[in-house]
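**Q** The whole structure should be built from the sequences, with the hints applied where relevant.
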Amino acid sequence: MAKANFEVPELQEYVEVPAIAEGVMAHLSPFVAKPDHNTDLNFPGELVDDWHDKTLEKLDDLRKRFRSLQVYLDACVKCGACTDKCHYFLGTSDPKNMPVGRQDLLRKVYRRYFTFAGKYFPKLVGAEDLTRETLDEWYSYYHQCSQCRRCSVFCPYGIDTAEISMAAREILDSIGYGQKYCNEIIAKVFKIGNNLGLPGPALADTLEGLEEDVFDDTGVEVKYPLDQKGADILLVTPSADFFAEPHVDGLIGYGKVFHEAGISWTLSSHASEAANFGMFIGSYENMRRISLRIRKAALDLGVKRIVFGECGHAWRVAYAFLNTLAGPFDFLDPDYPVPQHIMEFTYDQLQKGNLNIDKSANDDMTLTFHDSCNVARATRMGPKPGGQLEYPRAVIKAVCNNYVEMHHDTIGEKTFCCGGGGGLLTDDLMEVRVKGALPRMTALKNVMEEEGVTHLAAICAICKSQFTKMLPYYGMDMDQIVSVHQLVSSAIILTGQKTGEDEEEETEEVEV
Amino acid sequence: MSSFIALLFVVATLVLVVGVARKVIQYARTPAPLKIPTTPAPVSEAGVVLRLFREVVFFESLFKSTKWTWIFGWMFHLGLFVVLLRHLRYFIDPVWLPIELIQPFGLYAGLAMVVGLVGLFLRRVFVDRVRYISSPSDYLWLMLLLVIGFSGLMMTLVVHTDIVMVKQFFTGLVGFSIGELPVDLPLIVHLVLVAVLMILFPFSKLLHVPGIFFSPSRNQVDNPREKRHLAPWAKSMEEQEQN
Numbered sequence: 001m002a003k004a005n006f007e008v009p010e011l012q013e014y015v016e017v018p019a020i021a022e023g024v025m026a027h028l029s030p031f032v033a034k035p036d037h038n039t040d041l042n043f044p045g046e047l048v049d050d051w052h053d054k055t056l057e058k059l060d061d062l063r064k065r066f067r068s069l070q071v072y073l074d075a076c077v078k079c080g081a082c083t084d085k086c087h088y089f090l091g092t093s094d095p096k097n098m099p100v101g102r103q104d105l106l107r108k109v110y111r112r113y114f115t116f117a118g119k120y121f122p123k124l125v126g127a128e129d130l131t132r133e134t135l136d137e138w139y140s141y142y143h144q145c146s147q148c149r150r151c152s153v154f155c156p157y158g159i160d161t162a163e164i165s166m167a168a169r170e171i172l173d174s175i176g177y178g179q180k181y182c183n184e185i186i187a188k189v190f191k192i193g194n195n196l197g198l199p200g201p202a203l204a205d206t207l208e209g210l211e212e213d214v215f216d217d218t219g220v221e222v223k224y225p226l227d228q229k230g231a232d233i234l235l236v237t238p239s240a241d242f243f244a245e246p247h248v249d250g251l252i253g254y255g256k257v258f259h260e261a262g263i264s265w266t267l268s269s270h271a272s273e274a275a276n277f278g279m280f281i282g283s284y285e286n287m288r289r290i291s292l293r294i295r296k297a298a299l300d301l302g303v304k305r306i307v308f309g310e311c312g313h314a315w316r317v318a319y320a321f322l323n324t325l326a327g328p329f330d331f332l333d334p335d336y337p338v339p340q341h342i343m344e345f346t347y348d349q350l351q352k353g354n355l356n357i358d359k360s361a362n363d364d365m366t367l368t369f370h371d372s373c374n375v376a377r378a379t380r381m382g383p384k385p386g387g388q389l390e391y392p393r394a395v396i397k398a399v400c401n402n403y404v405e406m407h408h409d410t411i412g413e414k415t416f417c418c419g420g421g422g423g424l425l426t427d428d429l430m431e432v433r434v435k436g437a438l439p440r441m442t443a444l445k446n447v448m449e450e451e452g453v454t455h456l457a458a459i460c461a462i463c464k465s466q467f468t469k470m471l472p473y474y475g476m477d478m479d480q481i482v483s484v485h486q487l488v489s490s491a492i493i494l495t496g497q498k499t500g501e502d503e504e505e506e507t508e509e510v511e512v
Numbered sequence: 513m514s515s516f517i518a519l520l521f522v523v524a525t526l527v528l529v530v531g532v533a534r535k536v537i538q539y540a541r542t543p544a545p546l547k548i549p550t551t552p553a554p555v556s557e558a559g560v561v562l563r564l565f566r567e568v569v570f571f572e573s574l575f576k577s578t579k580w581t582w583i584f585g586w587m588f589h590l591g592l593f594v595v596l597l598r599h600l601r602y603f604i605d606p607v608w609l610p611i612e613l614i615q616p617f618g619l620y621a622g623l624a625m626v627v628g629l630v631g632l633f634l635r636r637v638f639v640d641r642v643r644y645i646s647s648p649s650d651y652l653w654l655m656l657l658l659v660i661g662f663s664g665l666m667m668t669l670v671v672h673t674d675i676v677m678v679k680q681f682f683t684g685l686v687g688f689s690i691g692e693l694p695v696d697l698p699l700i701v702h703l704v705l706v707a708v709l710m711i712l713f714p715f716s717k718l719l720h721v722p723g724i725f726f727s728p729s730r731n732q733v734d735n736p737r738e739k740r741h742l743a744p745w746a747k748s749m750e751e752q753e754q755n
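For the record, the sequence lines run as chains P and V. Heads up: the first sequence is residues 1 to 512, going by my numbering. Heads up: the second sequence is residues 513 to 755, going by my numbering.
Errors might be hidden in some of the hints.
Chain V regions said to be covered by chain P (calculated; three or more residues, Cβ under 8 Å) [stated by the list, open to error]:
1) 534-544
2) 547-557
3) 565-573
4) 577-584
5) 641-654
6) 719-728
7) 742-751
No lab work stands behind these hints: they were computed from the structure. These numbers were taken from a predicted model, which means no experiment stands behind them. The beta carbon of each residue, even a glycine, is placed where N, CA and C say it ideally should be.
**A** See the structure below:
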């Protein structure tokens, strides 16, 4: 069990809706950004003196530019449908972590200054003055939301707390009250090219190392190219894929699939990051600036297609926003969607029978799949609605023999966030990350006990990193989280691959 | 008294129509700069119409969420809808056939409405999470609607009012002539509170009625890869950069 200076919830048979305990999470706020990190993003370095007026100005500006914000602030009837749907509420019992409770922190200010009822009858409609304390409360609770959209599934008006959280963070940034984690990372993307600050030469080294590893394993020269002009496909993947476990095993898998498909591909040192933290801070401008790197890389390298690696929020920005933010992509091959997900690519290759698969290579595992929140509720794969839920499962089932689903209320469109999304994957927010992981950990534990599940597969860099840390807190093993393309990588038999004796023996044992 | 009610209804109708129209125009004019449908989402316009239909008529999302709130909420709204349709007979002459045909259901609809409201009220009081998010106005709305419902049912079940006279009053008012109303307490209470509701509608959470049709997570087609979705302000931002 990892050390914790807070109480780690105990896993029960199912997650009970807790009685509310107001303010129990008010103490938790992420580190505040240093002035440099704010100014790199064109925000004021420190809290401005006229924060009161500037806050209201920004709120007014945003509600005029984003219909979602205006409608969502008006439409809520306080029916309570969302109150037991947020993993952070279920894990913390703080009612300000209920979706509507979180929205109301902003809504009460909106009502006070922008609605008739709130201006003249504030007490009646729960409108409140904007004070310095309000800002701190926003800073705390809007950084306890992973923008996972689970609440939006259940709201009768589709009110999406993610939209409110994004607006609140944009307001805070605009008055110089930014979050260190997100803003520092975005600054790194602008300066170096990726979230982790890995410079080009380090990437080249890493990729060379991967080529050697795969050659040692298989005897096949699989390439992991960087900045190769004229390649067919530009692969944009989260930078965690370059070295973190189990992410890197997924990257090895992508390379093997491309190799077997016989299609040339390349990574880019300029756009060496799929994630777009501009979304987390609700900044259209920063999100666009980050997206334009990918456009530039595609143009510079002269590729025909863009494919994204396993990354959740990244896939949302890529699938739903990239064309709008950085399009049109009329210079790419019109026969393929822009962009594609690696899962769509691998799925197609499996359908075409281009991959030689030995499913028994994964027989040491019984798997279940964690739908990443932003993939499940904000994107699609393939031509049909719901493809984003089907494709990863189809790929897993094509490369593994043992697959089990978790409880139906915790997967698909109702999936629970890992607890670390939306700019929360930082140690200063560990308490809310651990407590927010409770619903997923509970569902996992249940299928482990009832169905003998050994591993949890995911297609998001944040989910993978988060679970690596969370599993030990809940008495499980950090190695239980795997990449989907890691499974593909294990099962794929490359053309000309040497087959070791050990492997044959293992296969025989399983068949007995 | 009759002149007061007549004036009140003219004002209430004006406030309701102008107020809601202003909000609808505001929603329609505010751009939705990004595609944010909650997925899995329809990939065609027809699919979106169907999704909104299910949402508005059956409260699909609420059904997924909590069955009790769904039952009470749906009973109330469906009841209110039938009751409203039934009331059309007091404003038109001759009465349209479909309105004639639903008259027998009016009483049951009125009862369903009241039962639904009581259920919602109890939930607001007794579920700690819902109590926490409730403002005084949230209780007052339910009470206002309950009194409107009760006073209406009173006139149907207990003390009948002179309904012919009421109809003459309102059909007259539609043509801007002020007639006489029977002076019955339940009727006056009923009418005054309905007018209050109409006046407050555009300034309150009752805006969920137009709001749902403008909710981007429900009304957008899921086709961002096929089509760019550039808001006017985002377009001018791009153009400024290129210059």
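**Q** All hints are to be evaluated individually against the structure, with a verdict given for each.
**A** Evaluation of the provided hints:
1. Requiring three or more residues with a Cβ within less than 8 Å of a Cβ of chain P, the coverage given for the region 534-544 of chain V holds, as 6 such residues are present.
2. Coverage of the region 547-557 of chain V by chain P holds in this model, with 8 residues showing a Cβ closer than 8 Å to a Cβ of that chain against a need of three.
3. Chain P is given as covering the region 565-573 of chain V, and this holds because 3 residues of the stretch bring a CB closer than 8 Å to a CB of that chain, at least three being needed.
4. Three residues within the 8 Å Cβ limit are the bar, and the region 577-584 of chain V against chain P gives 3, so the coverage statement holds.
5. With 10 residues having a beta carbon nearer than 8 Å to a beta carbon of chain P, the region 641-654 of chain V meets the requirement of three or more and the stated coverage holds.
6. Here's how the region 719-728 of chain V fares: 7 of its residues keep a CB closer than 8 Å to some CB of chain P, so the rule of at least three is met and the hint holds.
7. Against chain P, the region 742-751 of chain V contributes 5 residues with a C-beta closer than 8 Å to a partner C-beta. That satisfies the three-residue criterion, and the hint holds.
The structure meets every hint from the earlier list without exception.
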